[in-house]
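With chain A fixed as given, assemble chain B with the ligands onto it according to the hints.
Protein chains in written order, with my numbering: chain A, 20 to 469; chain B, 0 to 457.
FYI, nobody ran anything at the bench for these hints, they're computed from the structure. What you are looking at is a predicted structure, and each value in this text was computed from that prediction instead of being measured. Backbone N, C-alpha and C define an ideal beta-carbon position, used for all residues, glycine too. Treat the hints with caution; some may be incorrect.
What the hints assert, rightly or not - For each label pair, taking beta carbons as the anchor points, the in silico distance ranges come out as:
1) A:Val465 - B:Leu413: 30 to 40 Å
2) B:His307 - A:Val465: 25 to 35 Å
3) B:Asp400 - A:Ser96: 13 to 23 Å
4) A:Pro371 - B:Asp402: 52 to 62 Å
5) A:Val465 - B:Pro130: 37 to 47 Å
6) B:Asp124 - A:Tyr275: 51 to 61 Å
7) B:Gly131 - A:Arg330: 50 to 60 Å
8) B:Ala82 - A:Arg34: 43 to 53 Å
9) B:Asp254 - A:Ile115: 28 to 38 Å
10) B:Ile416 - A:Gln459: 44 to 54 Å
11) A:His133 - B:His363: 24 to 34 Å
12) A:Thr30 - B:Asp402: 22 to 32 Å
13) B:Ile416 - A:Thr30: 58 to 68 Å
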Amino acid sequence: MEPVIFEERQTQIHRKGTQPFDLACNKDSLAGAVSQRACVFCGSRVVLYPIADALHLVHGPIGCAAYTWDIRGALSSGPELHRLSFSTDLQERDVIFGGEKKLYRALMELIERHSPKAAFVYSTCIVGLIGDDLEGVCKKVSKKKGIPVLPVQSEGFKGNKRAGYHAACQAMFRLVGAGDTTGISKKSLNILGDFNLAGEIWIIREYFKRMGIEVVANITGDGRVDDLRRAHGAALNVVQCSGATMDLALMMEEVYGIPHLRVSYFGVEGMAESLYSVARFFDDPEMMARTRELVREELAELYPRLQEFRRALTGKKAAIYVGGAFKAFSLVKAFRLLGMEVVLVGSQTGTPADYQELHDITDEGTIIVDDSNPLELSSFLKEKDVDIFVGGVKERPIAYKLGVGFCDHNHERKEALEGFVGMLNFAQEVYNTVMSPVWQFVPRKVRKAA
Amino acid sequence: MLLRHTPKEITERSALTINPAKTCQPIGAMYAALGIHSCLPHSHGSQGCYAYHRSTLTRHYKEPVMAATSSFTEGASVFGGQANLIQAINNIFTVYEPEVIAVHTTCLSETIGDDIPQIIAKARDEGKIPPGRHVIHANTPSYVGSHVTGFANMVKGMVDYLAQSNGHKESRVNIIPGYVEPGDMEEIKRLAGELGVPHIMFPDTSNVLNGPQTGRYHMFPPGGVTVEELTRTGSSMGTVALGTLASGPAARALDTKCKVPCEILDLPIGLQATDIFIDTLRQIAGVTVPESINIERGRLLDVITDMHQYFFGRKVALAGDPDQLISLTQFLVDIDMWPIHIVTGTPGKKFEKKILEITKDVPHPVNVKSGGDMFLLHQWLRSDPVDLLMGNTYLKYIARDEDIPLVRFGFPILDRIGHSYFPTVGYRGGLRLLEKILDALMDRQDRDAPEESFELVM
Ligand code: SF4
Ligand code: SF4
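With the rest of the complex left out, here is chain B:
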């Protein structure tokens, strides 16, 4: 029992995080930046952080993950990292030739207090940024927020640096997909396309982090939103932002900067949230929903009704990121499952309120915590067990020790594939989630059923 150290009794812990349910800002910023075409994320700090971020993304996506680092040494930590960053910008544009460098900070450069915009300006003055190339940045101190915050900050950085209004409102919608998988981004684009809504999605990691085997190594894979598209987001007629935490700041910034009005929605995970997404797009673009989408929706509904007896009253514990958990909890409640322990490592009290609101009719006490960790989740479910766990790979310790089936969902997933290809957003994504949930529950039922009640037809 790997987690034999977890006691049932819960004591107040103020100084300590055990088995975190979050990670740090820069990795989110790095992921977001990879969603720009021909962009090299740059970590302004020492080498370790960046090595960890790349390794973790590599383990999650099983794809090469490119980024550069300022390689701070002791000197830089005392005198500041300006020289390092300027030299880095010069080296990167000379050798790797990206169109964009997306700089994010680390705890170290934040604490030193490096002024990134000022350094970028200096690099420009010194002619280190070739014409037509760009350097953007986001501040990502990890002692604030989590990886989701870092993602949000970098997406906002794209708006701050690149979006421009040309004075017209062109009939086109911006979509900010949130901190979701490349396959999810692809699905969101497909749905918009199916609806016939002209759109620009940013960031877009599809075909960057789920690319095909081509026998070639591309430092900058073909996917990603282009700088030219990012510029035009300032002249779109509206923005649909998915996920309050991950996409809200960029959407609001675009509204402020270029007067592009925005709708900030929950991530389209599950039936209701997808309905709202589709309906919002329909209204903004003034289109009608095509039959093809109605069919997709109908199929999801069909499976929900067909299988509802298997969902009823099944208790679930969830760990993950706020935007995902809000939609997922709603979906589970909608299909009559009982999400009863919900934890995110990302701080923010609004999350707890929202979850309690969603689960208010669940006929069972519900535990929720933002800024929590998996140790706490484990303690909860030791006193009040569940039928199913949903969350990232790190839940597998609990799953094994407590013998509870686990559906992998969220970031990071280090031990399975599929998450970067098959979406969990949209109606099809809903179907996939149901399939995974049912597989997990029914496999367990088959495994545990006494011979006489072992069923062929379920």
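Chain A with its partners taken away, still in its complex shape:
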């Protein structure tokens, strides 16, 4: 069965082994496509929102704020100001006469009541259009209240999520450098690009602690403003995930000379290699020894249990469609570890380099796709007869309608999937859904059995 696809999209889909690899990506979505992508604001919001002691005010009409109210389970070990929804709720007259005064009053009132450490003010499409001087209002309030008030230039139409990551990084970078760095260890780092879904950053922090490394700032999961302000005192930035916080790392590298390492905490290989690369960076034999020991301990515990899952899951087929391509790399490897075959892999916002790497690590026949839509995805799932689909909120019901298992590797994950223990949780989750007895009733299986 040939899937239904827009002609214009042909170049954004590739079947490995059929022709030379040259995937078009980083294109604006086609008008009229049922794209699974989101906007700039969304990108900024998910990156900054876990900073728990900051005020997050959405300057715009109500929807933009309502939909992002506590949508991502970014856990905080302390303050939870980030879980409330604040909006200037722009009305028609604001659109006509401008929303600056309203924004000013809202900020003053909120800062008075909640005494946050800093405030982020998100601009939305409409604010970009009516031309409110966000920067000016923020400056004024900042002066009056004596805390950093940071505009986030996240007008939705200015691009996709990736542009939003960039805007978020720019806002955060204004905090960096303001704090006192005395007392920070030479063996220290910042964790970038982890949002503490299901408490994951706590797992990672623990690993670094066991290695003898001080974590200066969590960026941004369970994040704090004051930590960000002294983040420039760290010796290293470890950056997870393809896009979200890379820009911040690059800016810190340029201005403060802090090098960065790209890491991944998903999957055994990725996790171990990440820790080793950090140890190598510090060039400290004792630390390396401790790291080896850590990995050995964790694996000794993990492997026997993984083998059980592997026995059950070998030969099962998986499809992956996630936001960033970097996550897809780890998932491909993780499925391989479970003996499973990845038959489809795609992302909303991958870059050419990302897709080249995906191409290199996947098997012949694997479908690689950029910025896909439900029709394409569902036809690929059927064609490849997959057992599990890994995606986000909009993909879940498609999988279930087809009678295919599902794992949320995005905002809605309930279990920590990072670290060694995360691999086990992942295996368990994959096993639970792939092997669930409910599929015996779905037409897909019934037809096959008949």
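Chain B with the ligands only, in chain A's frame:
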């Protein structure tokens, strides 16, 4: 305590909404459009809005939600979105082949000032709309009204674009169900069928957003009102519109356009409102109420009388949409409960007046606010506590912090199932509501009762 930041003292807030009790127009328009068979809702704006609307509907219904977007970029925001929309219409009809595209605007395209009818006309002139296919639209700026307004506007758009009078009055009633769940729409149709009233219901999301597991993914599920039916609404002998805010504009438009007279009623939630609905249908269609419906009604009444001692004087706080809250408040007052804090995010002063009228005999001060938010509701009930909360999932923060039982009711419900299958409208819906209310109250009573007064029989 997630909401530890909520102070008791209430100060005037003019610039700020905290923890909203509403959302924006386009999501209502998108939901309404999904109630047309073979229709692809189209969001004319940038990608984010549309992604949020789809995600939220998906979380609420646990079903795939299809829609397309004009994918505005910076250029479109400066020069207007005409090119995007025309290209989108072309692409959609070529690849997804729906019968209808239902365009709604977003804050962005509204502010730019795109003239949608003119763009649709241009698309038609350029041959981008295949014969027999339709493009309809509604303006849905979110800086006016709320998601309910958006729903109302799109339903009115169906009338504006598709309803036609054939010169006859055919013996058939139009029913506009209001911004209710797919299961509610099914129940309303069932009741009309039980009464023997030929009808067309629009929109109709049953079997679109509560469809069965078939092992197949349908971009356009089997449910929904068809274009042909929508056309015929112009020749029906009358319209019954449920919910002033959500259904009123379409009903009036149909009256103006095709001279189909309308009755605009409250949503049939609870005993009295359902009585009025049934009676209105009976009168318009000239039928008698069958025994089967009398039995349903009798059962609801039976439970109300059996359990009335548990309802008496229980204080309730409500958050939701105006049409729902009006009927629900009436129902609660009817069974002797005391709704004392009532908030909707949707603006409109009529709502406050109506609620105060309904609750005038409640022997307790009543707070009501339109254009309010959950922060305000929380402040109210911190000074004057209640026994029960009713509203959407976002009330769970308050429920947890204040340790008050919560009955989920309204939109969105992101953390439970059932709302898309089991109705809250009609007599059966009333029964379900009572069951939920009693479960919540009695579970709490069981939990909190000291051992000696912990009762087996209640
Ligand atoms: S811009 Fe308007 S339409 Fe878009 S999400 Fe925000 S409020 Fe809704
Ligand atoms: S208005 Fe713009 S910023 Fe807001 S959700 Fe829509 S695209 Fe994103």
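These are the hints, each one checked on the structure:
{"no.": "1", "hint": "A:Val465 - B:Leu413: 30 to 40 Å", "result": "holds (32 Å)"}
{"no.": "2", "hint": "B:His307 - A:Val465: 25 to 35 Å", "result": "violated (49 Å)"}
{"no.": "3", "hint": "B:Asp400 - A:Ser96: 13 to 23 Å", "result": "holds (19 Å)"}
{"no.": "4", "hint": "A:Pro371 - B:Asp402: 52 to 62 Å", "result": "holds (54 Å)"}
{"no.": "5", "hint": "A:Val465 - B:Pro130: 37 to 47 Å", "result": "holds (40 Å)"}
{"no.": "6", "hint": "B:Asp124 - A:Tyr275: 51 to 61 Å", "result": "holds (59 Å)"}
{"no.": "7", "hint": "B:Gly131 - A:Arg330: 50 to 60 Å", "result": "holds (56 Å)"}
{"no.": "8", "hint": "B:Ala82 - A:Arg34: 43 to 53 Å", "result": "violated (32 Å)"}
{"no.": "9", "hint": "B:Asp254 - A:Ile115: 28 to 38 Å", "result": "holds (32 Å)"}
{"no.": "10", "hint": "B:Ile416 - A:Gln459: 44 to 54 Å", "result": "violated (22 Å)"}
{"no.": "11", "hint": "A:His133 - B:His363: 24 to 34 Å", "result": "holds (32 Å)"}
{"no.": "12", "hint": "A:Thr30 - B:Asp402: 22 to 32 Å", "result": "violated (57 Å)"}
{"no.": "13", "hint": "B:Ile416 - A:Thr30: 58 to 68 Å", "result": "violated (41 Å)"}
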